[in-house]
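J.: Start counting the first sequence at 4; every next residue gets the next number (our numbering).
Keep in mind the hints are simulated off the structure, nothing from the lab. Incorrect hints may have been included.
[Stated by the list, open to error] Here are the computed lysine-lysine pairs in the DSSO-like style, where the Cα-Cα straight-line distance is at most 30 Å:
id : residue 1 : residue 2
1  : LYS500    : LYS443
2  : LYS42     : LYS111
3  : LYS60     : LYS42
4  : LYS443    : LYS431
5  : LYS213    : LYS67
6  : LYS42     : LYS73
[What the hints assert, rightly or not] Label pairs and their calculated CB-CB ranges:
id : residue 1 : residue 2 : range
7  : THR95     : PRO212    : 22 to 30 Å
8  : PRO257    : SER163    : 36 to 44 Å
9  : THR95     : ASP201    : 49 to 57 Å
10 : PRO507    : ASN447    : 37 to 45 Å
As the structure is a computational prediction, the values presented were derived from the model and not from experiment. Think of the CB as a built atom: it goes at the ideal place given N, C-alpha and C, for glycine as much as any other residue.
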Amino acid sequence: MADRIHITTAIHYSNGPPHLGHAYEDIAADAYARHLRRKPGGSKLTFVTGTDEHGQKNRDAAAKENLDPKAFADKISAIFRTAFDRLEISYTNFVRTTDPAHEAFVQKMLARTFERGDIYFRDYEGLYCVGCERFYTDKELLPGNICPEHNQPVEFLKESNYFLKLEKYRAAIRAHLESTPGFIRPERYRNEALRMFDEPLADLCISRPKARLDWGIELPFDDKFVTYVWYDAFWAYLSELPDTSDAALAEVLPATEHFIGKDILKTHAVYWPAMLMAVGLPLYRRLNVHGYLTTGGSRMSKSSGNVVDPMELAEHLGPDVLRYFVLREFGYGLDGDFSEARVIERYNADLANDLGNLTSRVLAMTARYFNGEIQAQPGTHQSEHGPGVDYYCQQVRALSDRIEQLIDALEFNRALEAIWQVLDAANKYIVAAAPFTLAKDPANLPRVGEILVNLCEGLRVIADSLEAFMPATSRKILDLLNVDQTTAHAPFGEGLKRGHRVKPPVPLFPRIEKPNA
RNA sequence: GGCGGCGUAGCUCAGUUGGUCAGAGCAUGCGGCUCAUAUCCGCAGUGUCGUAGGUUCGACUCCUACCGCCGCCA
Numbered sequence: 004m005a006d007r008i009h010i011t012t013a014i015h016y017s018n019g020p021p022h023l024g025h026a027y028e029d030i031a032a033d034a035y036a037r038h039l040r041r042k043p044g045g046s047k048l049t050f051v052t053g054t055d056e057h058g059q060k061n062r063d064a065a066a067k068e069n070l071d072p073k074a075f076a077d078k079i080s081a082i083f084r085t086a087f088d089r090l091e092i093s094y095t096n097f098v099r100t101t102d103p104a105h106e107a108f109v110q111k112m113l114a115r116t117f118e119r120g121d122i123y124f125r126d127y128e129g130l131y132c133v134g135c136e137r138f139y140t141d142k143e144l145l146p147g148n149i150c151p152e153h154n155q156p157v158e159f160l161k162e163s164n165y166f167l168k169l170e171k172y173r174a175a176i177r178a179h180l181e182s183t184p185g186f187i188r189p190e191r192y193r194n195e196a197l198r199m200f201d202e203p204l205a206d207l208c209i210s211r212p213k214a215r216l217d218w219g220i221e222l223p224f225d226d227k228f229v230t231y232v233w234y235d236a237f238w239a240y241l242s243e244l245p246d247t248s249d250a251a252l253a254e255v256l257p258a259t260e261h262f263i264g265k266d267i268l269k270t271h272a273v274y275w276p277a278m279l280m281a282v283g284l285p286l287y288r289r290l291n292v293h294g295y296l297t298t299g300g301s302r303m304s305k306s307s308g309n310v311v312d313p314m315e316l317a318e319h320l321g322p323d324v325l326r327y328f329v330l331r332e333f334g335y336g337l338d339g340d341f342s343e344a345r346v347i348e349r350y351n352a353d354l355a356n357d358l359g360n361l362t363s364r365v366l367a368m369t370a371r372y373f374n375g376e377i378q379a380q381p382g383t384h385q386s387e388h389g390p391g392v393d394y395y396c397q398q399v400r401a402l403s404d405r406i407e408q409l410i411d412a413l414e415f416n417r418a419l420e421a422i423w424q425v426l427d428a429a430n431k432y433i434v435a436a437a438p439f440t441l442a443k444d445p446a447n448l449p450r451v452g453e454i455l456v457n458l459c460e461g462l463r464v465i466a467d468s469l470e471a472f473m474p475a476t477s478r479k480i481l482d483l484l485n486v487d488q489t490t491a492h493a494p495f496g497e498g499l500k501r502g503h504r505v506k507p508p509v510p511l512f513p514r515i516e517k518p519n520a
């Protein structure tokens, strides 16, 4: 259906290395991207992630390490990229906002917006928070002119700046939001966003005088200014696509699905649409908003010192374990609490006991009784297999549609649950059919062969359906089954053939015995 | 101050339009199997469905108030 899809994550602010929250967002977007890529036409999918490198906070973070901003950005950006590669985030573009191509594109959009009359110059004075990189009004501040976000005093600043007309587009954006169900999802965030249009919108300051901050993209119409880092960053969703002509962007944007955290809902629901309208481009297709990951009940942040390093976990247990955990444990859109104890529980219960053990027992029996050779056509059992077989076969057959539906709705956790229901059905089937008991009498071997092909074939379908969530594990199991790409994707009953040989098992997820960490 | 949302078994949560809706998984206990990574299968629970009222033949599911937690806007 949708033959053009463009997926993006937020362009991550590079004032420090990635934490689990960044990884979560990219993993979710990646699962969605991988899922869509499996559909017809999916090979045209583009997927952008990257780093947002301009702005005062990045410059200050660099200064702390005695690095110039670009050198610092090089370092942090590389860490992000390495982390995402390790997690098998299947991005097609890793954009850095300091890339010349990106900078040129932003300048082009600035120039156009200026020419169209939606950017104007005016004097401005107000209270400014360095941490937020924005001005505050009195009533937004805590007593004593304290920034509510950073708990630090704001500074009085008087300067002239360029502004983007936001109010001009309020009615149009609101109308789009109201007439487009699913534009922002889950629903709760759509409702939240709608309320942002109840009051007039203050125009957005999109420049910073170089005298104060020169780490940014220069305005094409005034070389004494750079553009505000937020204005800069949005364009990264588009700036390094293979074709950035208006015609191409007019196709890409309606096919664009943004993945963001709830903290930047306003910028994406209000500023970004206005920016697009101001240059005469269509709006993106959908905003997919997720919640925060907390640790010990509070939001992960450097200041509270509860940051979880995703790579430490990934190196320790494997990237797929991290991917599995965050996708299985948390409902997309809701906050979730992360703890290593929960990871280990999930690992042992789901990965070691269910997925790993089932793989192991099925392949072990096939190896032991038939030297790994498939004895029959799957799904065509002629003999009595016990009560579990019909339920099992039906579960496997229904899996693909079920997953499709759930991932489209961003319910990754329930999609994984659905796969695990099939694992459960397989275990029940094994007990009901008891191939290991039958095998004691050679006369029963044909029936055992039928049972095992059903199990191997189901394992193949499971491994294939796991690809979007746990790509490495998927590959491992498919490799053990010794199947090629085409066979891997076949529907249940059309994959493994009689005479095919599968490999003996290797432990995929050895149990973790230490009770806690 | 205005407007969301949330509060269901020890834990994490499902519960569509009110009438097997009181559930799942994990953890716990007991029993069974032995192909498998001491894995798997079966059985057993516990719950005043935040509190107090109301509507109804009947509410976890609707209404009101309150308590607690959180979010957004101001």
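J.: Work down the list of hints and note, for each, if the structure agrees.
T.: Here is what the structure says about each hint:
For the suggested pair LYS500 and LYS443, the alpha carbons sit about 25 Å apart, so the restraint of at most 30 Å is met. Straight-line distance between C-alpha atoms of LYS42 and LYS111 comes to about 35 Å, which puts the hinted pair past the 30 Å bound. Simply put, LYS60 and LYS42 have alpha-carbon atoms about 41 Å apart, too far for the 30 Å limit, and the pair is violated. With a C-alpha separation of about 20 Å, the suggested pair LYS443 and LYS431 falls inside the 30 Å cut-off, and the hint holds.
Straight-line distance between C-alpha atoms of LYS213 and LYS67 comes to about 20 Å, which keeps the hinted pair within the 30 Å bound. Between the alpha carbons of LYS42 and LYS73 the distance comes to roughly 40 Å, so the proposed pair goes past 30 Å and is violated. Evaluation of the 22 to 30 Å hint for THR95 and PRO212 yields a failure: the beta carbon distance comes to about 37 Å. Here the CB-CB span from PRO257 to SER163 is close to 37 Å, well matched to the stated 36 to 44 Å.
At about 38 Å, the beta-carbon gap between THR95 and ASP201 misses the expected band of 49 to 57 Å. The hinted window of 37 to 45 Å between PRO507 and ASN447 is violated, with their beta carbons roughly 22 Å apart.
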